[in-house]
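Protein chains in written order, with the working numbering: chain A, 1 to 185; chain B, 186 to 642.
Keep in mind that the hints were calculated from the coordinates and are not lab data.
Just so you know, not all the hints are guaranteed correct.
Restricting the straight-line Cα-Cα distance to at most 27 Å, the calculated cross-link-like pairs of lysine-lysine (DSSO-like) are [what the hints assert, rightly or not]: (1) B:Lys264 - A:Lys59; (2) B:Lys445 - B:Lys332; (3) A:Lys78 - B:Lys302; (4) B:Lys264 - A:Lys156; (5) B:Lys547 - B:Lys498; (6) B:Lys547 - A:Lys78; (7) A:Lys118 - B:Lys482; (8) B:Lys560 - B:Lys211; (9) B:Lys498 - B:Lys211; (10) B:Lys445 - B:Lys426; (11) A:Lys118 - B:Lys302; (12) A:Lys112 - B:Lys498; (13) B:Lys639 - A:Lys156; (14) B:Lys348 - B:Lys332; (15) B:Lys471 - A:Lys156; (16) A:Lys156 - B:Lys547; (17) B:Lys302 - B:Lys332; (18) B:Lys482 - A:Lys59.
Computed from a predicted model, the values in this text were never measured in an experiment.
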Amino acid sequence: MEIRVENCDRKHFLETTTRNRVSKMAGLFGSQNIVLSGKVFVGPTCVIRGDLAHVRVGKYSMIRDGTILRPSLKHFNKGVAFVPLTIGEHCLIEENVVVSAAQIGSFVNIGKNAVIGKRAVIKECAVILPDAVLAPDTVVPPFAIFGGAPARPVGKVPDNHQEAITELTTTFYQNTKVEDFGKGK
Amino acid sequence: MKGKDITAKKRFEKCTLYDVERVLYKNGSVAKPLCRLLYCRFCNDLRYYNSDLIQVEVDSHYCMHALDNVPTTEAIMKKNRSRSYWQCPACPSVLTQKQSWVIEENPEKPEEPFQRKTHYMQCPFCHWSTRDLGIPDAPTAGSWPEKENLNQSRINELYEYTKQLSLQQASLSKSKASRKITKVAGKIGGFSPMLLNYSMRDDGSAKKKPIELDNPKTRTLEELDDLPEEYLSEDGLDFWKTTSLKQRFDQPEYQPELTKDLYPRRLTMGVKRSLRCRQCDHNLLKPEFSPSSIKFKMHLIATSFIPEIRLFKPSAFSTDSLSANVFLTVTNPTHSPMNIILLPFCEEENEESYRFPKITGKIMLPADSYEIPAKDTLLDYSCLTKTTENLQPSEDGKIVLPQPNKIAFNCTYQSDGVESSEGAADKWVALRIKHDTLDQKQQSIWISHVVFIKISS
Ligand SMILES: [Zn+2]
Ligand SMILES: [Zn+2]
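Turn these sequences into a full structure, and let the hints guide you.
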């Protein structure tokens with residue numbers, strides 16, 4: 001099936017100079033610590049907790065409705081600190097996902113309602129299935145599919161994943177466009 | 186466990202990104218989505234990963250958690266298990282190493298006891314820990330003894346047996362070959378007597394070595410013990426103390442029945458593999474060496490050579506659901522223009538047709554051949570100003586799409602009229618797509634594929 005069109009009401013979205021499309025209903029806390037690298041989509045009711053630590057989202061990453069990006073705590077010898085959260089390019093994070101990971105590589109797809117545990121590292125081209133619960137400190141190797149609770153490897157991503165998800169995220173971003181986007185207030 | 190894994194996999198295919206199970210390309214006796222197929226440029230044919238025509242070669246082993254390479258000899262020695270990472274026996278998460286300090290008595294100065302660092306492992310998901318089991322803490326991280334397999338000697342015995350057997354078989358076939366040689370040599374003459382001698386000697390030694398193997402201590406099903414009393418007692422089973430089937434199957438060598446027998450195991454290693462076409466011996470897929478790399482040295486995946494058919498949008502069925510309007514798109518993934526013809530599929534009845542989706546009706550296809558322009562690599566998707574929203578077909582049934590390398594058709598589906606017993610069964614159609622491509626000598630050739638498409642939602 002070709003990628004469907006997402007209707008975005010321009011009243012509810014803002015477009016930044018780097019053409020990030022951010023819903024006015026999204027909660028961005030500590031915006032001085034949030035870097036959206038351009039053409040990033042942030043859906044309504046998303047929460048990005050930049051007040052805890054730096055959050056960096058790569059180009060063409062789509063963060064769908066209701067998703068929470070929350071940097072996680074790490075214990076060191078001398079107390080605790082929040083770990084910055086980095087998300088690569090062309091990632092698709094579906095609805096109602098909780099992300100407490102330390103690093104998400106490029107071309108990663110995270111299914112609906114998944115929970116990504118603290119300080120987890122998801123490598124490039126990995127896929128997390130809907131409703132999966134990834135244990136803290138998990139490392140997901142490239143091209144792996146993790147699913148279930150706790151998530152375990154269940155398969156291998158097709159080798160054309162990079163092209164497929166690039167097409168998906170760019171088309172998704174394109175399809176959200178409304179004629180006079182950003183002008184409406 | 187297996188069943189659950191399969192559903193998980195199915196769900197993956199149904200994710201937004203991969204609604205790929207909808208369009209299947211026939212390859213030999215299987216029908217698979219295009220992204221799960223390879224295209225051999227040298228044989229000009231599709232290849233399925235798990236078929237006999239593909240040879241899988243393990244390039245390198247790596248630790249799934251640390252993502253570092255492990256030399257193959259070491260991987261074999263370690264039985265494909267990680268050096269330093271362990272898995273929780275209660276759930277499959279990777280255990281984390283925890284440090285703690287223990288205070289030891291100092292026999293010389295009782296008022297100043299020693300402080301010693303110890304390590305134990307805890308599951309970050311279910312909080313199972315090695316201390317629960319009474320495994321003593323280790324002085325250094327990762328140095329835990331592995332549980333001994335009770336069947337190890339039997340496994341070694343079988344291993345030796347198969348090794349001997351394969352050796353014997355190899356020498357048998359060799360002696361057969363050498364016998365042929367002696368025959369031929371006898372006919373032509375001129376072969377050195379040394380060679381004849383050698384082959385004779387070889388023959389003898391193979392016969393001398395008998396292979397013996399003790400019969401395993403097996404039991405028939407009738408001899409199995411009765412169900413233990415506690416299963417039938419009023420209190421029933423204590424589920425807090427009993428392991429789940431999943432936990433037992435996770436450790437086939439031990440199959441612990443009680444939670445107190447759960448013991449951590451080393452994390453299984455991952456492999457990077459390359460694929461080779463058996464017919465022409467060319468590499469079809471070769472990943473880069475580094476475990477964290479996503480690049481390929483060789484990458485002949487079918488989606489970059491074969492035109493991809495997709496449904497443009499959900500098909501509009503008539504009220505009796507016997508006919509429908511079907512929008513199909515065909516994408517040219519190559520960097521040269523491509524001619525395509527869509528042909529009706531003539532069903533070949535054979536014993537293998539049960540492997541394919543059941544076709545429920547016919548699809549009326551455009552009779553013309555079309556040229557699809559090449560894919561423009563320089564064109565960023567974002568340059569496309571038009572959205573795919575509200576696209577209307579022109580009079581000849583063709584739809585103009587924003588992507589230049591994609592064309593769309595409006596086709597009609599007509600059901601065979603034989604409604605299956607399940608009313609809401611999936612509706613499948615089949616067609617044959619013929620397209621031109623360049624072969625190794627840069628000459629244009631036509632190849633065709635049978636495609637199954639699920640048009641119902
Ligand atoms: Zn656990
Ligand atoms: Zn070949």
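These are the hints, each one checked on the structure:
no.	hint	result
1	B:Lys264 - A:Lys59	42 Å, violated
2	B:Lys445 - B:Lys332	14 Å, holds
3	A:Lys78 - B:Lys302	17 Å, holds
4	B:Lys264 - A:Lys156	22 Å, holds
5	B:Lys547 - B:Lys498	19 Å, holds
6	B:Lys547 - A:Lys78	71 Å, violated
7	A:Lys118 - B:Lys482	34 Å, violated
8	B:Lys560 - B:Lys211	25 Å, holds
9	B:Lys498 - B:Lys211	23 Å, holds
10	B:Lys445 - B:Lys426	7 Å, holds
11	A:Lys118 - B:Lys302	26 Å, holds
12	A:Lys112 - B:Lys498	22 Å, holds
13	B:Lys639 - A:Lys156	24 Å, holds
14	B:Lys348 - B:Lys332	26 Å, holds
15	B:Lys471 - A:Lys156	15 Å, holds
16	A:Lys156 - B:Lys547	35 Å, violated
17	B:Lys302 - B:Lys332	24 Å, holds
18	B:Lys482 - A:Lys59	26 Å, holds
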